[in-house]
Structures are given as C-alpha cells and as structure tokens.
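A.B. asks: Line order of the protein sequences matches chains X and S.
Heads up: the first sequence begins at 106 in my numbering, then just goes up one per residue.
Heads up: the second sequence begins at 64 in my numbering, then just goes up one per residue.
Ranges between beta-carbon positions, derived for each pair:
hint, chain 1, residue 1, chain 2, residue 2, range
1, S, Phe288, X, Pro267, 42 to 48 Å
2, S, Gly256, X, Thr269, 33 to 39 Å
3, X, Gly232, S, Asp334, 50 to 56 Å
4, X, Glu230, S, His426, 45 to 51 Å
5, X, Thr205, S, Ser436, 39 to 45 Å
6, X, Ser274, S, Gly256, 33 to 39 Å
7, S, Pro179, X, Glu230, 49 to 55 Å
8, S, Gln122, X, Arg291, 53 to 59 Å
Cut-off 30 Å, straight-line C-alpha distance, at most; resulting in silico cross-link-like pairs (DSBU-like, lysine-lysine):
hint, chain 1, residue 1, chain 2, residue 2
9, X, Lys141, X, Lys270
10, S, Lys276, S, Lys264
11, X, Lys190, S, Lys433
12, X, Lys110, S, Lys433
From chain X, some residues computed to sit far from chain S (all C-beta separations above 12 Å):
hint, residue
13, Gly120
14, Gln178
15, Asp189
16, Pro197
17, Glu212
18, Glu230
19, Met235
20, Ser249
21, Tyr283
22, Arg291
23, Arg298
Don't read these hints as lab results, they were simulated from the structure.
Positions of the beta carbon are idealized from the N, C-alpha and C atoms, including for glycine.
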Amino acid sequence: MAASKEKEIVITGFGGQGIILTGNILGKAAVINDNKHAIMIQSYGPEARGGACSSQVIISDEEILSPSVEEPQVLICMNQEGYDKNVESLVPKGLLVWDTDLVETSELDPSWTTYHIPSTRFAEEMGNKMMANIVMLGFLSSISELVSVESLKKAVLSSVPPRTKDNNSKAFDRGREYGEAILKSRSKQDKNRGQA
Amino acid sequence: MSGQAVLTGIHFINGDEACCEGALAAGCRFFAGYPITPATEIAEGMSRRLPEVGGIYIQMEDELAAMAAVLGGSWGGAKAMTSTSGPGFSLMMENIGLGACTETPCVVCNVQRAGPSTGLPTLVGQADMMQARWGSHGDYEIIAISPSSPQEMFDFTIKAFNLAEQYRVPVMIMADEVVGHMTERVLIPPAKGIKIVNRKKPSISPKKYMPYKPDSDYVTPMANFGDGYHMHVTGLTHDERGYPVMDSATQEQMISRLVKKIRNNAEKIIDYDAYHIENADVVVVAYGISARSAKRAVMDARENGIKAGFIKLNTVWPFPEKLFNELAGNVKAMIMAEINMGQMVLELERCAAGQCLVRLVSHAGGAIIKPRSILEAIQATLKESS
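In isolation and in its complexed conformation, chain S is listed as follows (with noise of 0.2 Å):
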C-alpha cells in the first residue's frame, strides 16, 4: 500500500481516468469488472490504483460476475462499483434488480455507446437511459446521474458513492463515450475538503437488530457480514427480519419502502443546473455530452436575440417532475437534447402535461449532437409555438 488514493491537484486526464480517481476519492475498495470499450479504461485505472490504496480489483468472466461480485463487496462492507458500456449493462441488469431488493450499495459506471446489440463500440450513444430506470424486472427505483465532463467524472462518481451509502441503492452513473475519452482539466481538491457519506450502521445490539427495519427516511441501518448481526439476504420478497415471506401484504410493505425511499426523497437526490430560465421563451433540456452542445447552441440564440434558457440535468433518475411540471406553466416549449431516438423527452412530455410544446432533437448516435441542428430546432419550435 504505496499510493494516495486522493491525488490533490490539477491533473489533464480523461473522464474514465477521473471517475476511477472520483472513485478512490469517495473511499471506493473494491471493483469487479469486465472490460469494454468504452469503458475498458476505468477498469485498467482501478486495477492500477485500487492495489496502491489496499484495495481489491477482480477481472470476473463476464458482467452477469461482475455485478454480483460488486454486491458481495458491499456486503462485505467495502464501497464497490463496476464500469461497464451498453452490452455489459444489459447483462448485469438481473443482478442490478438484486442489489434494489436487498438494498446494497453499490455504483455502476455505464460509458454509454451506441447500440442496441454491439452497435457502435467506439461511438457514442445515450440511448441506456431508460434501461438504467426499468432494465431489471418489477418495481424498483434507482438512482442515476449523468457527468458532462471530466471534471463531473470525478465530481459526480463521488455524489454516485455518497447517495448509493445514503439511500442504500444501486446508483448509475450514465456517461457516454466522448465525455469518458475526452481529457480535460480536472481539479482534485484536498481529502479535507470532499464531502463523504459513510453507510448507517445499526447502533442497537444484534440481539435486536432487525436488517430490514426502516428508520423515518425509509432507509435501513446496514450491518456488513463478520459484524455479528444476524444478516439474512435474500432477492425473495422478506419482512424486516430478512426472511422471505410469501403474500401480498409483505410485498405491499417491502415495496412500498423500496420505492418511497427515494421518490419521498427524490427533491434531496435531484441536482441540476439552470441557466437563463426566468422569461425565458423556450428551454433546452439536457444531460452528459449534450448539455455542452446544448449550452453553446442556448447561449447563441440569446446572441440572436431569442429568448431561450437551458437546464442540465446532473441527476436524470429520479426525474426532475416538480421543476418541469412548473416550468411549462411559464415557456412556450421545452426541447430535450439527447443522442436516442427519444427516451427522456417522454418523461419531459409527461411532466409538461399539455401545457408546453415539447420537442426533440436528436439521431441515432455515433456523434454528438451539434450546437448549430440544436440552435435550428429552437428557432424551428419558435416559430411553431407562435
């Protein structure tokens, strides 16, 4: 155990290299993973790094390992994660629904390319977002962000740590592949001044503890294996003691719980950055790679005299349904910007409830989306709203 796992300073890196450095920065020990562009270079940094700071990486024979070794890590009491893109996600989707039932901590870093099936492995996509909310099957809630930057690779994987410890869920970040090979300036700041959220621990004896008991923010006191609680994990629907029980009303309890704990504290979970919204006409809506072109494409049209405002989504699940709800009331439209052929912008329709146009722009994926089809699609949606 040579290495500093926070490496305070101004680093030129890309934004795999700054999520793995985000993540030992969150106090991350353990990752199990398969490689794959393009995500290959988070795992070739943890196994760089993680022996430095006495952590553990394992190269797992596939995804469906992967996931489930990082579940066990949790168990285990480390902080773990996995990074994987498109195919991979699919395959740790099962154990991705394990981790939501038996609330485990834990974060997936998705580099997003596009697909569906192979697709376009060294090209960017976004088009896993709506597989990151619904991919496992039932009901569940999850956590997910989306970083547009290397900067925000480091920022965001630490914000992915501190909510998956607090909420004691799986949390995703969703990249894509030009903000995880892009290299730019990231800024480490010292270990003093990064804010960590540690796991709750039971304070009361094992003879009492109950695993699965929720305190009033609905989340449970989580007690790692070897501790000397009684554990009992399972993806069975279970009682507050961990047992399976099998009915309706059981189910009614666990899941309830599963879903409250982060819709009742989705306005403390979401995050996102407004810009020129108050009178604004029209409002740009984005997340990862395309709230850059979003922002340029927001900031010439005000150049041009339109009114336009943008937000970026920094938290995309859960979604941000006050703030849009709202906001309807009072523009003419709202575009979302994104690299599928439209995921988020039917949770921006759902939100706008009829009150404002709401239009999209995008394509397929394999490149990012430009600031100039962006710039033409708000004065199109203009010209259509008058």
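One chain only, chain X, in its complex shape (with noise of 0.2 Å):
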C-alpha cells in the first residue's frame, strides 16, 4: 500500500560486502543532493560478517510515511542467498541487477527489465574487492534513474574514507561506463530490431 510514487530498492547480499553502506549512499544521494526523500532501513538480525545482510531504501518526490519495503521495484543482489530469498518479492516491469559471478539467475518474469555486472571482479582486478560495492553503483547510476549521476558519485565520495577516495572514484565511473556501454548496445539492437 505504499504510495505509487515511492520507489522501493531492495540491496542484498553478505556481511562484509558494503550492502548497508550501499543503502546508506544511495538515500544520501536522494536526500542529500537530489532535494528527495529516502529511508533506509537495515535487516538487522544477529548476522555478521558472512552472513545474509539487506539493505531497504525508499526513495520518492513526497513524504514517507511506512517504512516497510514490501514490493521492491528494484532488486540489486551481490549473492546468491539474497537473489533467492528476494527475487519473488519483485514487482512484475521490475528492475533486477545482480554480480555476474556471484549469482546464478533462475527462470525470469519476462515484464522484468534485468541487468547483471561481474562487479566484484571488476573491483578485483582494481585491486579491493571491497569496492564491488561502489562499481555496482556506478553501474545503478548508468541504467537506471532512481538518483543522478552526480550526486550519486558525490554521495559515494562523501562516504568513503578520504584515502580511498581516488580508487573509489575509479571503481564507481568503472561500473557507470559498464552500464553505459551495454545501454548503448542494447538501444542498436533494437534499432536494428526496428529495421529488420
């Protein structure tokens, strides 16, 4: 029963990888430099490092009222567990991201509009692992409109701690450019689509 222009993200995956951190970013960038309202709510059980973790994040144009996340629009799942915990709760024309390498998608609705990143081996290969976390933002940034790009990455440069400012910078535009690209792909397959 959420009003109709809340939209809700669910961000899963396991103690460890940044998941709140990426909540607490994404409602920063809303609120903060967006002018919108945000919540962000935590599960919050006794789980630790490893264990499942989600964050909740509603973002909209107008108060809040009930926090509770109950039909995600948008579902980002870093592991497994979390995809398959989540993945029924997506509304039908949802938006669903997942890591490449860390999750092994089952059937899709087909009303969905479904991305995936290898964002933890990009963040790999850039040296942490720990910012797959980041790269998997830039990559929101890029294919979806829930918060602009700009603040988006300002948010996550106001978050992080100021040393690994350069290297987080590098993994959020890493994931951005991802996103970009395979936006410009998809937009010549259908323009071919159109033509044939």
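Got two chains here, each in a separate frame; can you build the complex from them with the hints?
C.D. replies: Right under this line is the structure:
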C-alpha cells in the first residue's frame, strides 16, 4: 500500500560486502544531493560478516510514511542467497540487477528489466574487492534513473574514507561506463530489430 | 575540544545518531550508560561526540549505576542523559524514582524492543509505555514523549531536555527500534534557531535559600552542588529545606507538589498533531513508529470516502485527557494503534468515558503495524459503530 510515487529498492548480499553502506549512499544521494525524500532500513538480525544481509531503501518526491518495503521495484543481488530469498518479491516490470559471477538466476519474469555486471571481479582487478558495491552503484547510476549520476558519485565520495576516494571514484566510473556500454549496445539491437 | 555541538545542515542519519545530535544541541554535556541493542548507537555516538565538545561520557558497569551517575551529573550542573532499551529500562526504575523524588532534571531515551525480559533484542516493540509512567514505586509524575522519525529524534531530544529543565523532572524519550535504526533526512538548524530552556537558578542568597520551596509554577529553583548553597538531597520524604521529615503532612505537601507541577501544567506540556479530526467519524490515535502507518492508513481511508481522522501523540505522558474526552463526544469511534497488547488504549478508553467506541489495533511486537491492518480496523470499527 505504498504511495504510488515511491520507489522501493532492496539491496542484498552478505555481511562485509558493504550492503548497508550501499543503501546508505543511495539514500544520501537522494536526500542531500537530489533534495528528495528517502528512508534506509537495514535487516538487523544476529548477522555478522559472511551472513545474509540486506538494506531497503525507499526514494520518493513526497513524504514517506510507512518505512516497510513490501513490493520492491528494484532488486540488487550481490549473492545467491539474497537472490533466492528476494527474487519472488520483485514486482512485474521491476528492475533486477545482479553480480554476474556471484548469482545464478533461475527463470526470469519477462516483464522485468534485467542487467548484470561482474562488479566483484572488476573490483578485484582494481585491487580491492571491497569496492564491488561502489562498482555496482556506478552501474546503477547509468542503467536507472533512481538518482542522478552526479549526486550519486558525490554521495560515494563523501561516504568513503578520504584516502580511498581516488580508488572509489575509479570503481564508480568503471561501473558507470560498463552500464553505459550495455545501454548503447541494447539500443543498437533495438534499432536493428526496428529496421528488420 | 575541537568539534561543533550543533552540526547545522542536512544529514542522512539514523534515529539514534539524531538523538545524539539533539542532545548536544540541547546542551547535554554528560552521558552515563551501558550499551544495549537497539540503543547502542546512542552510547557510541555520545562516546565519540561528547569529548569533542568538552563533555563527559562514562561507560558504567550496568544500568543501575548509569541512572545514578546521570542524577549526580545533573546535580553537578550538567544537562545529563542516558539511553537504553527494555531490560536496562527496568534496571533504571529505582533511580528514576529517586530522580522524580529529588526533582532532578534528566533525560532517559528508551529505544524500545519487544519484551518482556530479553525478548526480541533486535526487533521493534512499544510495550514499555506503562512502565515509563508507573515503573518506579510510589506516587509521582514524569513526562514522556515519543518520536516517529529521525528528525523527531533530533527535535524531541531537545524538547526532552527543555521539559526536564523547566519542570525539574526525568523526561523519557519513548522511541522504538525502527525509529532508532531507520536512516532518513535530518535537518539541523543553526544554533541560534534552537530554543533552549535552562533550569531556574536561585536568585536569593545562600542563607535564605530553601531548596524545595516552589515558585507559583510548583517548580523550585535549583542550585548546583558547589555553587555555595546548602544542599540536602534525599529520597526520603523531605520538607522545603530538603531535610527528611517522617510524617503524613510533609508527605502530602511533597507528593501533591510533585504531581501538581506536571498535572497543573499539562496543557502547556502536551503536544500532538491532528489531521482531519473535524467532522471525522473515526479517529486513529498513534505514537512513535506506529504513527506513520496510522497516517498512511487514514489517508487511504479518506481516499475510499471514509471520514477518518488521525491524532499523533507527541507527548504520551501526561496523556491528553481533555482532548480525548471532548473528541469522544464528537466521533463514532477512536482506534489506538500500538505495538503491544493494549497499553495506551486503556488511557483512551478512560478518557472516552463511554461516549464512543474505543478499539485497539496491535500485535505483540517484532514488526511494525502495517497500514493495511489499520485500514481494516477502521472499516471494521465503523461497521460495528453504525
């Protein structure tokens, strides 16, 4: 029964991947840089590094009342368990994003828009797999319109330790560029299909 | 001392963090506590922030000691607070009574989880509401307020300190796990724009000072230890000098003033938000996190053509008796939404005094009340009342 203008986002993975930080940065970008309303709630159980973990974000142009996410329109999966546990909750026409190497998908609802990115592999190539979440945020900035690219990047840079800013900035751009390339090739395919 | 006490600007922080910032903005410079989920982030935040602004944080051995230290800190002249959750709140009750009896301004933030006992440490509850009012033995009054967002965790913590200082009473912030842990926009205004109340100080010479001789508002000016005034602070029944007197007349004088200073100032203390209560058939009442679901449900009900209204209790104690007694005469029904087996609904029933139906929508804890459940309760209650 969420208000119709609310965007509900679920980010799942395991403890240590920076799942909560990812939700926090997304909400921060919406609130501080885009002047929207946002709520971030983390699943909070006896969970630690390695355990299942999720953060739930609601972004809206209007005041958000009920903070519970029941019908997410966006699902971001950074591990298999998170995918298995949450995929059925994604609404028709929802956006599903996953880490290519960490999630094996089952049969997908054809109404969904789906993307995947080897965010953890990219982060490892850049020297630190802890940055996989930032690669994912960069990717999200190009393939979705949840928040603007600039405000999301600004929120990333104001949320990470100062000495890691450069690397995180590169990680963000890696994800963003990968997303832009996918969008380009998809629109080319669509065009070709249109001509055929 | 390097940090700023008031972090003016827009933040994306959780309710517990917002509580810390509210406390600092209100002038809190002393915190004694013992960490407990889901209030740990308040203790953490205060341990980090207080030394930055010249304040003192003490990690105590338990909650009994924490509450005792808070009273001592306040008598030393500091604005003092602690934070806890259900199990710690129970342990604090004895010294909260001492705080009420000695009229010690202080703030206790209870980020409620589901109980009783250890209960659900990481999950929400609102079942300490009667304990806040009645948890210590004997007759006394306290003030309790209930925030429903991180912004209100900031605003209401300032309000809690102001009320504590104004009425010389322990003030409870009855938050809950979801409000404490949810991260949301918090606007911190410039320091100049924040209203701060400080305790009344004696204006007469130490020789003439009577520590428990009240002004016309029933509140007595408070000298700090070390100010040069002769002080005697005791949990025994005491006269205007603060000396123990063991008789019924002194008991009557002291207790009636402790009670009157809140009851007779209730209209000034009570704060609530009303939404579409004029011409409403049914009014939903809620506080804390449940207020958000309730407002959503009432908006949905109105879209379905139901004449529903909503009252969000910002002050929960003292309870707004007059408001509900009058409202009950104008509506068909009132519904309390709360995460317990029925606590504040008893107050609502008492104030309605049989003039309208009073119903409860609730569950035992561990999750918030869904707007849908409240909407269904509105529909069922209307049917029942017609």
